[in-house]
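Engineer: The lines below spell out each chain.
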Amino acid sequence: MDFLSKIGRMFIKFLSSIGSVTLFSVSSVSSGIVPPYYWKQIAKQSIQIGYFSLPVVGMTAIFTGMALTLQCYAGFSEFTAETAIPSVVMIAMTRELGPVLTALMVAGRLGASMTAEIGTMKVTEQIDALMTLSVNSYKYLVFPRLLVSIVLMPFLVFIYDIIGILGGYVVGVYYLDFNPTNYIHNTLSSMSNWDVVSGLIKGAVFGFIICLMGCYHGYRSNGGAEGVGRATTNSVVSSSILILLLDCILTFVLF
Amino acid sequence: MKYVIEVENLTKSFGGRDVLQNVTLNIRRGESYVVIGGSGSGKSVLVKCILGLLKPESGIVKINGQNTSKLSQKAMFQTLLKCGVLYQGGALFDSLNVIDNISFGLIYGYGKSQKEAYGIALEKLNAVDLDEKVAKIFPAELSGGMKKRVALARAIATNPDIIFFDEPTTGLDPITTGIIDELIVKCTKEMGISALSITHDISSLRRISDIVGLLYNGSIIWEGKNEELDTTDNPYIRQFLAGSPVGPFTQ
Ligand SMILES: Nc1ncnc2c1ncn2[C@@H]1O[C@H](COP(=O)(O)OP(=O)(O)OP(=O)(O)O)[C@@H](O)[C@H]1O
Ligand SMILES: [Mg+2]
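In order, the protein sequences belong to chains A and B. Per the working numbering, residue 1 is the first one in the first sequence, and the count goes up by one each step. Per the working numbering, residue 1 is the first one in the second sequence, and the count goes up by one each step.
Extracted from the complex, chain A is given alone in its bound form (with noise of 0.2 Å):
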């Protein structure tokens, strides 16, 4: 019976808070959609978003992408089929590792600081003076960093396509001793668009994700400096479960 009644508290939880989460998501988005627009705060914001996360985007991409390619010619020179190692990479890269792996390390970098930051603001009651104030705290802090996110991760994502298979291909050539031109022409006439475009929308998908789970933890931290450290541990390892759960929905969707 008592493990019963747990199970069940742990369901009602776990109910309330997509709850709390789809009111706290529905609550932003509409309180930007309406004027005045914070253009200040949504500039500074892409810069900390897109423009601060390149470099390690560009470091995750450059480094899977060479591994990747040795992975893929250990396993696919064993049945003579090195030729299609190019167009494996570049699949993987644009439809897979592109979309998480950026999404991973952005969850790492950013979502962990906006809840610490919001998480602090929280405490100290800085977002209560915003309040008296006069100025919505969801438009200006939650809907800016959900806007950028979502326009940015894309972006992002699309950087690291063309790092990755950057990588793969010095690997390729310099390494694995691939003739360049044939190199090029095996990733470029395997290449749809949709795999590039698919990837791309997994992209946005995640980047909301990360930012709301960020701002949504950073809200309901309390207690202090623990409280915010607790809040920003929750917040990254929820946005990395739910990226790495939706990524496998969304490919069997956009499949």
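Calculated from the structure, these hints are not laboratory results. Cβ coordinates follow ideal geometry from the N, Cα and C atoms, glycine included. There may be inaccurate statements among the hints.
[To be verified] List of simulated lysine to aspartate or glutamate pairs, EDC-like, C-alpha gap at most 16 Å: (1) B/225 x B/210; (2) B/133 x B/123; (3) B/70 x B/6; (4) B/55 x A/96; (5) A/40 x B/6; (6) A/44 x B/94; (7) B/55 x B/8; (8) B/147 x B/100; (9) B/112 x B/100.
[As the list claims (entries may be wrong)] Each pair of labels, with its calculated beta carbon distance range: (10) A/245 x B/132: 39 to 47 Å; (11) B/96 x A/245: 49 to 57 Å; (12) B/21 x A/54: 53 to 61 Å; (13) B/69 x A/227: 24 to 32 Å; (14) B/225 x A/237: 53 to 61 Å.
Mind docking chain B with the ligands on chain A? Use the hints.
Structural biologist: Chain B with the ligands only, in chain A's frame:
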């Protein structure tokens, strides 16, 4: 409309523990009401309930005759536009420098231009006895007392009709305390602003209050005029003013 703020039977609890129980208080226009009470007695919670930042379990709060729980979000923001709030911890925005903090409400709440807002902000900086040199400094680089004064300047920047000051002079030296007290008196006496303040400083209390309310165990157990502070024989007030360790508070 006699009262600017009306609080009726306000009850607020956290996790089953009642912090406020049936608190009732009224503040007239231009009147300075000061709440005193022991640490943790719920003074800050009271102010947050009045401002709608915390939702009370029961009770009515009216600002300018309007029941705040019945107001739409937009109307509530309109009401808050007329209120200036000083938080106990200052609550300055760390990502903005001093002058942006002070002009925040003018720019975002009232839609003033940056130039105009900065002009007013510098004026208010002078009013709280701070040098214009601090204008470009960020809150993290200010001393505790300077933070408090910047927060005070932000609270009065929009020329509010009602001010809420949570411990405006805690952590200030006696001279600055005197300057701030004078500022509060000027606000209420000359500009007709209504004030709800919280203080632990007895000399400030005597200077700035018209009406004093003593919060104890979640209720206002004594309320009286400034002059009555010395004449009342309420044992709680006597102990509080004397700062004595023996008395009804400590029994
Ligand atoms: N967000 C909160 N969650 C849970 N309990 C709270 C919260 N805010 C305040 N309390 C509790 O309410 C009580 C009153 O707190 P409050 O901050 O109003 O005290 P105070 O009278 O302002 O004290 P001080 O003079 O020290 O500022 C305290 O016991 C505190 O623990
Ligand atoms: Mg307090």
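Engineer: Give a verdict on every hint.
Structural biologist: Evaluated hints:
no., hint, verdict
1, B/225 x B/210, "holds, 6 Å"
2, B/133 x B/123, "holds, 13 Å"
3, B/70 x B/6, "holds, 14 Å"
4, B/55 x A/96, "violated, 46 Å"
5, A/40 x B/6, "violated, 39 Å"
6, A/44 x B/94, "holds, 15 Å"
7, B/55 x B/8, "holds, 14 Å"
8, B/147 x B/100, "holds, 14 Å"
9, B/112 x B/100, "holds, 13 Å"
10, A/245 x B/132: 39 to 47 Å, "violated, 54 Å"
11, B/96 x A/245: 49 to 57 Å, "violated, 38 Å"
12, B/21 x A/54: 53 to 61 Å, "holds, 56 Å"
13, B/69 x A/227: 24 to 32 Å, "holds, 28 Å"
14, B/225 x A/237: 53 to 61 Å, "holds, 57 Å"
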